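A.B. asks: Residue numbers (UniProt numbering), protein chains in the order written: chain A, 1 to 393; chain B, 1 to 369; chain C, 1 to 339.
What you were told as hints is all true, and nothing was included just to trick you.
Ranges of calculated distance between the beta carbons of each label pair, as one might list FRET restraints:
no.	chain 1	residue 1	chain 2	residue 2	range
1	A	378	C	142	47 to 57 Å
2	B	71	A	221	51 to 61 Å
3	A	175	B	98	54 to 64 Å
4	A	45	B	102	42 to 52 Å
5	B	286	A	307	36 to 46 Å
6	B	153	A	43	24 to 34 Å
7	B	286	A	108	32 to 42 Å
8	A	27	B	277	15 to 25 Å
9	A	215	B	25	36 to 46 Å
10	A	302	B	129	45 to 55 Å
Just some of the chain C residues that point at chain A, by a computed CB distance under 10 Å:
no.	residue
11	109
12	135
13	143
14	146
15	170
16	174
17	184
Think of the hints as simulated: they come from the structure by calculation, not from any bench.
Computed from a predicted structure; not experimentally measured.
Each residue gets a CB set at the ideal place from its N, CA and C atoms; glycine is no exception.
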Amino acid sequence: MSEPALIPAKPPFWNNPQTRAIAFQIIALTATVVFGWYIFDNAQSNLRRLGIASGFGFLDSSSGFDIVQTLIPYSSSSSYGQVFWVALLNTLLVSALGIVLATLIGFLVGIARLSKNWLISRLALAYIETFRNIPLLLQIFFWYFAVLRAMPAPRQSLHLGEAIYLNIRGLYVPHPYLQAGFSWVLVALVLAVVLAWRIARWAHRRQQATGQQFPIFSVTLALLIGLPLLTFWLAGSPLVWEYPQLQGFNFRGGWVVIPEMASLLLALSIYTATFIAEIVRSGIQAVSHGQTEAAFSLGLNSGQTLRLVVLPQALRVIIPPLTNQYLNLTKNSSLAAAIGYPDLVSSFAGTVLNQTGQAIECIAITMAVYLTISLLISLLMNWYNRRALLVER
Amino acid sequence: MTQPHIPHPDLPPPANAVGAIGWLRRHLFSSPANIALTALALYLLYALLPPVLNWAFFDATWRGDSREACSGQGGACWIFIRTHFAQFMYGFYPEAQRWRVDMLVLLLIFGVAPLFIRTVPAKLKRRLGLGLLIAFPIFAFVLMRGGILGLAAVETSSWGGLLLTLVIAGVGMTGALPLGVLLALGRRSTMPTIQALCVTFIELWRGVPLITVLFMSSVMLPLFLPAGLNFDKLLRALIGVTLFQAAYMAEVVRGGLQAIPKGQLEAAAALGLGYWKSMGLIVLPQALKLVIPGIVNTFIALFKDTSLVLIIGLFDLMNIVHNATTNPAWLGFSTEGYVFAAAVYWLFCFGMSRYSRNLEKRLHTGHQR
Amino acid sequence: MKSWKPLAAVTILSLSAISVAHAGTTLEAIKKNGFIKCGISDGLPGFSFADEKGNYSGIDVDVCRAIAAALFGDATKLKYTPLTAKERLTALQSGEIDVLSRNTTWTSSRDSAQGLNFAGVTYYDGQGFLVNKKLGVNSAKKLDGATVCVQAGTTTELNLSDYFRASKMKFTPITYDKSDESAKSLEAGRCDVLTSDQSQLYAQRIKLAKPDEYVVLPEVISKEPLGPVVRHGDDDWFDLVKWTLYVMVNAEELGVNSKNVEEMKKSTNPDVKRLLGVEGDKGKDFGLANDWMATVIKQVGNYGEIFDRNVGKGSPLKIERGLNALWNQGGLQYAPPVR
Numbered sequence: 001m002s003e004p005a006l007i008p009a010k011p012p013f014w015n016n017p018q019t020r021a022i023a024f025q026i027i028a029l030t031a032t033v034v035f036g037w038y039i040f041d042n043a044q045s046n047l048r049r050l051g052i053a054s055g056f057g058f059l060d061s062s063s064g065f066d067i068v069q070t071l072i073p074y075s076s077s078s079s080y081g082q083v084f085w086v087a088l089l090n091t092l093l094v095s096a097l098g099i100v101l102a103t104l105i106g107f108l109v110g111i112a113r114l115s116k117n118w119l120i121s122r123l124a125l126a127y128i129e130t131f132r133n134i135p136l137l138l139q140i141f142f143w144y145f146a147v148l149r150a151m152p153a154p155r156q157s158l159h160l161g162e163a164i165y166l167n168i169r170g171l172y173v174p175h176p177y178l179q180a181g182f183s184w185v186l187v188a189l190v191l192a193v194v195l196a197w198r199i200a201r202w203a204h205r206r207q208q209a210t211g212q213q214f215p216i217f218s219v220t221l222a223l224l225i226g227l228p229l230l231t232f233w234l235a236g237s238p239l240v241w242e243y244p245q246l247q248g249f250n251f252r253g254g255w256v257v258i259p260e261m262a263s264l265l266l267a268l269s270i271y272t273a274t275f276i277a278e279i280v281r282s283g284i285q286a287v288s289h290g291q292t293e294a295a296f297s298l299g300l301n302s303g304q305t306l307r308l309v310v311l312p313q314a315l316r317v318i319i320p321p322l323t324n325q326y327l328n329l330t331k332n333s334s335l336a337a338a339i340g341y342p343d344l345v346s347s348f349a350g351t352v353l354n355q356t357g358q359a360i361e362c363i364a365i366t367m368a369v370y371l372t373i374s375l376l377i378s379l380l381m382n383w384y385n386r387r388a389l390l391v392e393r
Numbered sequence: 001m002t003q004p005h006i007p008h009p010d011l012p013p014p015a016n017a018v019g020a021i022g023w024l025r026r027h028l029f030s031s032p033a034n035i036a037l038t039a040l041a042l043y044l045l046y047a048l049l050p051p052v053l054n055w056a057f058f059d060a061t062w063r064g065d066s067r068e069a070c071s072g073q074g075g076a077c078w079i080f081i082r083t084h085f086a087q088f089m090y091g092f093y094p095e096a097q098r099w100r101v102d103m104l105v106l107l108l109i110f111g112v113a114p115l116f117i118r119t120v121p122a123k124l125k126r127r128l129g130l131g132l133l134i135a136f137p138i139f140a141f142v143l144m145r146g147g148i149l150g151l152a153a154v155e156t157s158s159w160g161g162l163l164l165t166l167v168i169a170g171v172g173m174t175g176a177l178p179l180g181v182l183l184a185l186g187r188r189s190t191m192p193t194i195q196a197l198c199v200t201f202i203e204l205w206r207g208v209p210l211i212t213v214l215f216m217s218s219v220m221l222p223l224f225l226p227a228g229l230n231f232d233k234l235l236r237a238l239i240g241v242t243l244f245q246a247a248y249m250a251e252v253v254r255g256g257l258q259a260i261p262k263g264q265l266e267a268a269a270a271l272g273l274g275y276w277k278s279m280g281l282i283v284l285p286q287a288l289k290l291v292i293p294g295i296v297n298t299f300i301a302l303f304k305d306t307s308l309v310l311i312i313g314l315f316d317l318m319n320i321v322h323n324a325t326t327n328p329a330w331l332g333f334s335t336e337g338y339v340f341a342a343a344v345y346w347l348f349c350f351g352m353s354r355y356s357r358n359l360e361k362r363l364h365t366g367h368q369r
Numbered sequence: 001m002k003s004w005k006p007l008a009a010v011t012i013l014s015l016s017a018i019s020v021a022h023a024g025t026t027l028e029a030i031k032k033n034g035f036i037k038c039g040i041s042d043g044l045p046g047f048s049f050a051d052e053k054g055n056y057s058g059i060d061v062d063v064c065r066a067i068a069a070a071l072f073g074d075a076t077k078l079k080y081t082p083l084t085a086k087e088r089l090t091a092l093q094s095g096e097i098d099v100l101s102r103n104t105t106w107t108s109s110r111d112s113a114q115g116l117n118f119a120g121v122t123y124y125d126g127q128g129f130l131v132n133k134k135l136g137v138n139s140a141k142k143l144d145g146a147t148v149c150v151q152a153g154t155t156t157e158l159n160l161s162d163y164f165r166a167s168k169m170k171f172t173p174i175t176y177d178k179s180d181e182s183a184k185s186l187e188a189g190r191c192d193v194l195t196s197d198q199s200q201l202y203a204q205r206i207k208l209a210k211p212d213e214y215v216v217l218p219e220v221i222s223k224e225p226l227g228p229v230v231r232h233g234d235d236d237w238f239d240l241v242k243w244t245l246y247v248m249v250n251a252e253e254l255g256v257n258s259k260n261v262e263e264m265k266k267s268t269n270p271d272v273k274r275l276l277g278v279e280g281d282k283g284k285d286f287g288l289a290n291d292w293m294a295t296v297i298k299q300v301g302n303y304g305e306i307f308d309r310n311v312g313k314g315s316p317l318k319i320e321r322g323l324n325a326l327w328n329q330g331g332l333q334y335a336p337p338v339r
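Bound conformation, chain A alone (with noise of 0.2 Å):
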């Protein structure tokens, strides 16, 4: 008698996980290409129907508009496409500003949160607590129509001798013109900057074999400002400041920080500092105090332990969020729009589009540099995170 097989029945074909997978993977993948085709075509066919321009011709042709503050030539004769350079480089420019002001303030508050002193811890935290939980942009507005509209106006202006102004209009500073010889400087610099990798390397080369210190920081210090400095007088000093005068109805001349510019780099850096305050504390604290207690016992000082084993270990943890609030801080410069400082989204999603009414090539346009700078950013995450591994023995 033969028994009957115990082989279980084979399941149908549909209970099969790697059939439904495919399957499943399948439907997702039609839907959205069908969705995505779907919108295009209704883009399309409204386009069409309004009888709406659209391609990105557009861009060469001439804005007529001005715009407050451009870093590169501009003027209303300028194209669109020339907008777009100077929107994107005003984005850049406080987000850079803002990044600097932003890790100085988050840095130096995140270690007074973990001071000893229990006021000063205090005080820390107040400031994380407060700023923390207020929308950016009450910020911004806090800082534009409440603080800033309160300056002097440009007569009555707030000065620093004769060179520095303070009004309503913004803060005027002498603007430093270079002269014929001011290439030689720049030379010099460089030169400089090479002899003191150059003097570093060696020097720790000589530790490295023979023990022997080397005062590494004040020679290269030394070198970095003399050498410029030597080569400048030497040249006839090269540059001329351009000291800004009252004439008319505002000042001319100078550099000017315009209060658009001020406003959102103000609040962009309180508001961003209190992440990054968090962010440095926790980091801090991840490093084992044993490491601290280790590093004494070897001999090193406060400092030496900071610089040499905390602050290592502890960027190891902090580098990774770091970049991610640097780049909220960049996507956040966008609210620019609200006070009408003239970024990306507010002169080119903003005022190019509105003058166009090519909505979609704008808006488009506008989310590819973003996501490119987040692309970017992401990547250069990436690459540094596989640096920075723990390499364990």
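Please build the complex by placing chains B and C on the supplied structure of chain A, with the hints as guidance.
C.D. replies: Positioned in the frame of chain A, the structure of chains B and C alone reads:
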């Protein structure tokens, strides 16, 4: 005879190492550098606190009902807030219909309160929670929008103030969490297509500023829809905010999913649980618990981001306050307006972060190493 | 966890006030909806302005009311959408609104490349400058080096650049999305000059804390014909909007106003008879009730009434008729005959 050694009873610690003095010495004056820091902090407090307190309380005008009452005082003019208070809360919601909103708020408070009381049985809580999540929004929408059962219709365009802020935040939160979970599961999926789609979606939304998303939803979305099909402006903003925050939520939840050891999933599979069951019953409860701080942070970010609808012309708390400061009859009270709005936002956000810390402690069941 | 999925669906569905009109012409869609989606400004006294209770008034609002009266016989069948200058054209192109009545300047590029149609001119305007008297400036030619506040994304912004370039003067533009913010900035001293269409300058001025300290300079640097706009390719709708305007101008010319419209129906003047639908079938041509023109006049008024009540003598703005007087009184308002 040797006497047994009786140790001398411990001397009390020096008077300057315990008590208030000891605390002060340890925390404020332990070293010269520390003393300097304390002095600096005290100076900062001295420079900041008195002017702020004077402005906000001691020199402020509280009574009266016209801007004339405020002249002469150096401090804040809180009358501005008082006369505009109803507008800040309800926006342009018709005065005669505001009882509807009040009723909903009361209902919400009475519905939510039992969830926070520990003695209420879990079963009741679950039912209540489900009711709040499913029945309440429908009921609230019908009541607020009106137009049926003899209720006067109130267009969404006249919803405003804190009411609108809460509507956007509430819908955004209840929408973003489940969507975020689904996206996170998709990103961790073994199916390459699903994974790629989810990654693209998440990175795309995370890569652009919310303001461009809102702008797109506000003016461009109709170009992508067939002619004649149109959505309410508020709904479009809601979709924009929800999808945007869902992408951030997905990344938070993914962090939690990655922290759950594979063994859990394998154990679930060994018990014969399918994908959805093992995720829903085993993995997600643990993962979500791990990332509560992250989730609440995303909620807080969402709450703050609701203020961006100002850009597309919705009158949320932020916009209505901003608008009131341009009222010709009440010019010059921007600071009061912004401080008030800031205080409201701050209360909500700070409350949420405190609650999350509380929750984290309560749910901490000791699995973490 | 299961509760989340239905929840998401339900929340979104419950909040959706989706109004699906079938794809067709704008006019069909409007008739189906039972109201007109009218885009107006975000707050400009005399043109479109909401009081504390949210009731709108102004010339631009009245134009919308007239169209509603023409189409539905009821001037209240409207849904207003306040729009910033930046949003307005996209909102119209995308179908979010049916008609844009928001002091929008008629230009060639808007008429062609942007897919729009201007139905006529409700207000002949020109760009001017508003300055503080303390500045001591009495002509725009003396504005060299000034800081100028201007609304972003308007023709004003373009004219401003042209004017200063042509006059070889320098200026610093400060652009805002909302006209309120520009006015506030002028008041705070962020800018020396506010530039906009003159009508808007008058409107902005009464919103300032001390209107008497500000003066509108005499120069008019551009032509700004303002009027309602519709989308390209919807001829029936375009005709209706266009003729609603003409009806109001013709009514003023013929002396018909909202108060005497019933009386005038007994008039022997054939032009009046045609206008009020006593004679002929001017309603059928448009697919409307025969007395639709009379309804417009009765519920909203003739052009002169609208002008006076909102921006003219009967309003705080007190703007002269000037170019906006009828053609036979030295102005430019001229309507084709109803025939």
